[in-house]
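Colleague: Chain by chain, the residues run as shown.
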Amino acid sequence: MYVQDRASARSEYLASRPISEDNLVPEDPALGLVAFSSPFDPQPSLRLQDGCIVELDGKAQADFDMLDEFIARHGIDVSVAEEAMATATVDFARMIVDPGVPRSEVTRLASGMTPAKIAATLALLTPVEILQAMQKMRVRRTPSIQAHVTNRVDHPLLIAADAASAVALGFRELETTVPVLRHAPSNALALLIGSQVGQPGALTQCSVEERTELELGMRGLTTYAETVSVYGTEQVFVDGDDTPWSKAFLASCYASRGLKMRFTSGSGAEVLMGASEGKSMLYLEARCIALTRAAGAQGVQNGGIDGVNVTASVPDGMREVIAENLCVMLHDLESCSGNDTLMSASDIRRTAHTFPLLLAGTDFLFSGFGSVPAYDNAFGPSNMNAEDLDDYLVVQRDWGFEGGLRWRDDADLVAVRRRAAEACRAVFEALGLAEFSDEDVDACVRAHGSLDVPALPPELPEVASERVMDAGLTALDAVGALHERGYELEAERVLEMIRQRLLGDVLQTSAILNEDLQVLSSLTDPNDYAGPGTGYRMAPDRRNEVARVRNVWSAADLALEQTRSEGCVLLRDNGPALRGERADEVVIGLSPAFGRDIWVALNGMTVAEVLRAVLAGVEAEGLAARLIRVRRSIDLGSIGSTAARLSGSGLSVGLQAKGTALIHRADLPPLANLELLSIAPRITPELYRQLGCNAARYAKGLVPEPLLLPESSEPLGPRYHARVVALVATERRLAENADPIELGAAWPT
Amino acid sequence: MADLSYPLSPGARAQVRSATGKAVDEITLDVAVSDALGPRDVAVSADTLRLQAGFAERGGNPQLGENLRRAAELVAFDDDELLRFYEMLRPARSSAQELDSLAAELSERGAQRCAELVREARAVYVRRGLIA
Chain A
0 MYVQDRASAR SEYLASRPIS EDNLVPEDPA LGLVAFSSPF DPQPSLRLQD GCIVELDGKA
60 QADFDMLDEF IARHGIDVSV AEEAMATATV DFARMIVDPG VPRSEVTRLA SGMTPAKIAA
120 TLALLTPVEI LQAMQKMRVR RTPSIQAHVT NRVDHPLLIA ADAASAVALG FRELETTVPV
180 LRHAPSNALA LLIGSQVGQP GALTQCSVEE RTELELGMRG LTTYAETVSV YGTEQVFVDG
240 DDTPWSKAFL ASCYASRGLK MRFTSGSGAE VLMGASEGKS MLYLEARCIA LTRAAGAQGV
300 QNGGIDGVNV TASVPDGMRE VIAENLCVML HDLESCSGND TLMSASDIRR TAHTFPLLLA
360 GTDFLFSGFG SVPAYDNAFG PSNMNAEDLD DYLVVQRDWG FEGGLRWRDD ADLVAVRRRA
420 AEACRAVFEA LGLAEFSDED VDACVRAHGS LDVPALPPEL PEVASERVMD AGLTALDAVG
480 ALHERGYELE AERVLEMIRQ RLLGDVLQTS AILNEDLQVL SSLTDPNDYA GPGTGYRMAP
540 DRRNEVARVR NVWSAADLAL EQTRSEGCVL LRDNGPALRG ERADEVVIGL SPAFGRDIWV
600 ALNGMTVAEV LRAVLAGVEA EGLAARLIRV RRSIDLGSIG STAARLSGSG LSVGLQAKGT
660 ALIHRADLPP LANLELLSIA PRITPELYRQ LGCNAARYAK GLVPEPLLLP ESSEPLGPRY
720 HARVVALVAT ERRLAENADP IELGAAWPT
Chain B
0 MADLSYPLSP GARAQVRSAT GKAVDEITLD VAVSDALGPR DVAVSADTLR LQAGFAERGG
60 NPQLGENLRR AAELVAFDDD ELLRFYEMLR PARSSAQELD SLAAELSERG AQRCAELVRE
120 ARAVYVRRGL IA
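Chains A and B supply the protein sequences, listed in that same order.
Start counting the first sequence at 0; every next residue gets the next number (numbering that gives the first Met the number 0).
Start counting the second sequence at 0; every next residue gets the next number (numbering that gives the first Met the number 0).
Bound-form chain A, shown alone (with noise of 0.2 Å):
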């Protein structure tokens, strides 16, 4: 007989996890959905003539897009080209890898390659490889991170206090960006003044169409910029509304104004203009950073970025992710790598997306991490948010990997965030641009993102930014006004800020200030990996800052737990326990601690709770109960099994302090017993009286039905294990050489 059977429950089930939301497809070249290697992608070539490039990855000069001139003609360091173009592509890729071959001299190669010819040599690479290289060669040996600082509603006060605790956690770079473009203003003036509460020297950017972020850093309202996005087609660039002419004059423009500046692409943004020529994403983002260095942009922002579902959705897409962000080390450039998009709606999934790069070490690891909760990031979700911040800092403590973050004090967030946000209040009253209450700051001081503050008048942001633009005002009417409001140690730092426009530090390749104002770039910090011993290893006061996050309990927290609750029961010593006669009771071993120095158990009720209700069981069978403590051994097969032999029915309950329990019998093993209740964070009051009636009745010579723990797959060993270790830790010091004592038990009220 033919059954069709009904799709199964496990299928069903996985089809309904957050996995299956996300959307995969399979290759097709012609619309770009391919990784690397697209059977469009051209072979690497180059000929030079009288020192000019005349033909470019099988392409004549006369057949140039503007990509390919401008590349050519810039991009390209001829006096290499020969030398490296004649080197085997499985060659290159083994010098990139290995940490014999100097750093310099992998760069000093690749500068004189085309697009396909890296492009070629990063697909042969395995995700390991990437990493390893990307330990070598990235540019600034202290790794840094970035924050996204935004809010649904452009609330000036709390994108200052959200700016203030960013820094305080570490980030280095503080992006914002807004709702709506006309909002630019307040947002980058608010931004500015909350990133220099606290610590100095954080920069900032306000990511909006070219022309107003232009023009916003030449005010001095941002400090650098970011959203210069350039793309790997020529209908793409032209699609975005800029050559890559007009950018390299955007680059000179925002240098000439002392700003850092880099620049942004990242693969699947030309699979999403439906103009990918049918080229690799990893041919076309090698097109992007040849062509930023070509600019003279000190550094590029990708991994993904926008694009970062499109380039997901095809095999080996995270894959290509990484070696864009390894392509732009190899071009000796910063490496600002993503991770700033929301990528799957699988935990799992977007961890694995981001933790490879952690691991192996970038000048950025995010281009934006979600400072603020995933609601309020107006880029939309990052790919770890406010919500995920601890976790990000227990992960960095386990792997010891440098994520640029430190947890800290709530008491310590919430100070900077008031100085932040008064400081904020005052600078836009002083200059006439919005007024706020007191409600309005303490609601912001405290707030976890904006659906906790008061709402804003819908117009404020709006008036405060036409007021600064109409106005001319500029950094330098932020320092006055903090001045004038008696924020002296703000306005030095926002002072600062226009001093270091001056000196141009910041300008050079990987530039960030850190808390000290010292300048770490290319230049100061360079990245000296050579394999192991070498490059950036964490000093020891850091790797004790990252290894302080919430929740790590001492040895003193737990005597604190446990002192709370000394003296629930009183346990008094009647002399040598002694074998019983009678046939109708049940002996209950304790462990050396019970008691004693432990007086709760990990379910988290008191010893004295468990031990009534384990004898309540026994006594609602109309047995009698006798007490010892067994002080030879901490193990509890060993406990039951010593105070069964003592029994006069041959039938115990063994306990340990911490809470577990078991039923043992004289007869049996010692490491035997008829019931155990092991798990004891899960055990209830009731299974407790349980198993003191289930003890009586095999005294009994009945059969009871045995206790079961209710099921559950809740994480319990990380958890409680580090509690366990503290409490084995104190059974075993009260441990001793010494035979069981019979104990009197006494309830105090």
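Simulated from the structure, these hints should not be mistaken for laboratory data.
Where hints are given, some of them may not hold.
Okay, derived cross-link-like pairs now, SDA-like style, lysine to any residue, Cα gap no bigger than 20 Å in a straight line [as the list claims (entries may be wrong)]: (1) Lys-699/A - Asp-666/A; (2) Lys-58/A - Ala-122/B; (3) Lys-58/A - Ala-45/B; (4) Lys-58/A - Arg-126/B.
Put chain B on the given structure of chain A with help from the hints.
Modeller: Frame of chain A; chain B shown alone:
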């Protein structure tokens, strides 16, 4: 200036000057709040940018050096002018003649490298049909 080394901060704050010749260490908070400073007093100077260009070139990035040398040329231009030039270089905004004039204007005002960039753009825009 020429003998200064990277980084310019903190060691060279007395020698590094703004676009109007104010030394960085003269720009104290007292001065900044006295209304004595105009925007140009707190603008980076062409000399500083050329110095940074040299650091970039010696650090192995001639393109970054070139960008900073173009930037040095642009220090003298107003914000509005730069925004206008950038707009002219965007796709299909300018005729070939307008780009010629832009190159000439830049060249006359001492921005040779920027003028060259515009001339290069003009040729490519004509060839690729990106002229208004």
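Colleague: Now tell me, hint by hint, if it's right for this structure.
Modeller: Against the structure, the hints:
1. Lys-699/A - Asp-666/A: holds (16 Å)
2. Lys-58/A - Ala-122/B: This hinted pair holds, its Cα atoms lying about 19 Å apart.
3. Lys-58/A - Ala-45/B: violated (39 Å)
4. Lys-58/A - Arg-126/B: holds (16 Å)
Hint compliance for this structure: hint 3 alone is broken.
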